[in-house]
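With the hints as constraints, model all of the structure from the sequences given.
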Amino acid sequence: MADKVRMILDIDTGIDDAMAVLYALNRPGITLEGCTVVFGNIDIVNATRNTLQILELAGRGDVPVAVGASRSFFKPFSGGAPHVHGANGLGNVVLPTPKSKPIDEHASDYIIRMARTYPGEITLCPVGPLTNIGLAFAKAPEIAGLLKEVVLMGSTVFHPGIPTAVSDPNFHNDPEAARIVLRAGANLTLVGMDVTMKTLLTPPMIAEIAGGTKAAAKMMEINKFYVDFYMNAIALAGCGLHDPLAVAVCEDPSLVTVEEMNVDMELTGELTRGMTVTDRRRGAKPNAKVCMDVDLPRFTRRFIDTIKTVGR
Amino acid sequence: MILDVDTGIDDAMAILYALNRPGIALEAVTVTYGNIDIANATRNTLQILELGGRDDVPVAAGASKPLMKPFSGGAPHVHGTNGLGTVELPAPSRRTAEEHASDLIIRLARANPGQITLCPIAPMTNVALALVKAPELATLLREIVIMGGTIYHAGIGGIPSPIVSANIWNDPEAARIVLRSGARIKLVGLDVTMKTLLTPGMMAAIACGTRAGAAMMEIVRFYLDFYKSVRPDIAGCPLHDPLAVAVAEDPSLVKFEPMQLDVELAGEITRGQLIADRRSGVSPNVDVAMEVDLDRFAPRFVEALRTVGLT
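Same order as they appear, the protein sequences are chains A and B.
The first sequence stops at residue 312 when you use the working numbering, and every number in between is there.
The second sequence stops at residue 1311 when you use the working numbering, and every number in between is there.
In case anyone wonders, no lab produced these hints; they're calculated from the structure.
Heads up, some of the hints might be wrong.
[Said to hold, decoys possible] Derived CB-CB ranges, DEER-like:
(1) P1232/B to T202/A: 26 to 32 Å
(2) K1255/B to G29/A: 41 to 47 Å
(3) G185/A to E1218/B: 48 to 54 Å
(4) K75/A to P1232/B: 45 to 51 Å
(5) T202/A to A1204/B: 42 to 48 Å
(6) R280/A to G1182/B: 30 to 36 Å
(7) R116/A to R1279/B: 19 to 25 Å
(8) G1182/B to G120/A: 18 to 24 Å
(9) R282/A to R1221/B: 19 to 25 Å
(10) G185/A to G1281/B: 38 to 44 Å
(11) M1290/B to R116/A: 48 to 54 Å
(12) G1158/B to K101/A: 52 to 58 Å
It should be emphasised that the depicted structure is a prediction, and the values quoted were computed from it without experimental measurement.
Backbone N, C-alpha and C define an ideal beta-carbon position, used for all residues, glycine too.
Structure, rendered in structure tokens:
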């Protein structure tokens, strides 16, 4: 039987981040050691409060939360995506004021400390812009080798991008940080739009989850805003489970098929800033496992069962 | 057809193919640098036309370097130091026209509105110069069928951008001018040409044909040897330029996907890369060949080269 995954989840909570937190909390194969917070879907203040609230919703206010970057390496925060996640980042649903507080340490220092204290044991799962991770690797380059692995939500190799034709939101929000992470030499898996745009949470699935625990029902209430955006603004059959898929892959890599590729980040392109550039020529040395396909029925069923029982 | 070339071994095969297809009238050949320098490319073009028995086809020399940079030496390791696999053909008996390649393109398009297919199988410097000088060229030309670019296929070695093709890499600014011109454009790139191979069996069949076909296969040996050394996994050498010419005559040889294409100019690792915007609601500007009917093209190619120069 495999050891439990000891996870640090780096998040910009965010509605699919919230679902990723609940999924991590309720999986038998995952120990959620801590959450580190970054700007992204929403500003850092909202994202931090949301993270504390979601943990308490599931009855796990004991999980440490460390606040991180409020802006990307190059740019001030430019407003996030309130049209996708709501003005407060949780679909405009108001949860009780959190009783717990974040720890004193900066997110990047928490990551460095945990990697050094538990060499070879920590799985880092970034599902927001990579600023905290970039800071950690730049300050302490050796942790790239100390982390067991880094499984991140980001990249698109073939799928059309958002917000540009060729980049995904997380990498686009901080391309400099993404390049630091891609070139750091860590054991890296990219869970990108090539797979996450296939993992949709549809209305029947939502109904099944909403019939579960109180926490599950509340999460589906928060999710309404996110689903509305996906089904009305971009006409998909459900909302994207980007961040939960990355967490799921940490526990069970057999959910996806991967291709080893040489991956880099373009910084100066007029059309291509933020693009995941793959060198697939002969002799190119792979530096990441890139997810290319996903076992949808297995992941979908596992997601529903995990969220609908959370907080029991 | 006006064929814009940088002859070049696969360009030479493309010229002979164009000469010997019933559906193509080769009106003129315009020459640029690329595989080799302009002087060699021009001489080679005159020689190949004579080899094919057609020294009546006008040839106009054009750009000797890309828009923004000096000429970088070409690819003598692929095409030989003279651009024809070091094979020596007889010195050409005629000269090129006085006219610059870009002016010949403008003149013929104006004289034959809606009728000329421009087929650039080289860096697009001449075409860009023509379009900037006479923007109406975009609508006067029947269409532009480009050999170049790649959407998915990994690109060429030895350069920083990993997903580019030689013709676009050699002059990305020119490529952008062409792609944004508003012309009707078809793109025949590495996604199809790297599957379109001249095999030893096909070479043997052509070598038994006319004197021109046999001479061409002697020239091709250098090109085949290059591909054997870098890609021992593929069973021949790719027919990049001939496929573009074939598609200009018969688009049904490939399946197209309409895309909105642009070229990245500023990227550190993406300069020269074709960037496709495949999001929904984006209007396409290029039909990009993504699949090729090898069963129909291969025998047609063999037949065209086997019989070229027969009067």
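Practice task
May I ask which of the numbered hints given earlier this structure violates, with the numbers listed in increasing order?
Solution key: Numbers 1, 5, 7 and 8, in rising order.
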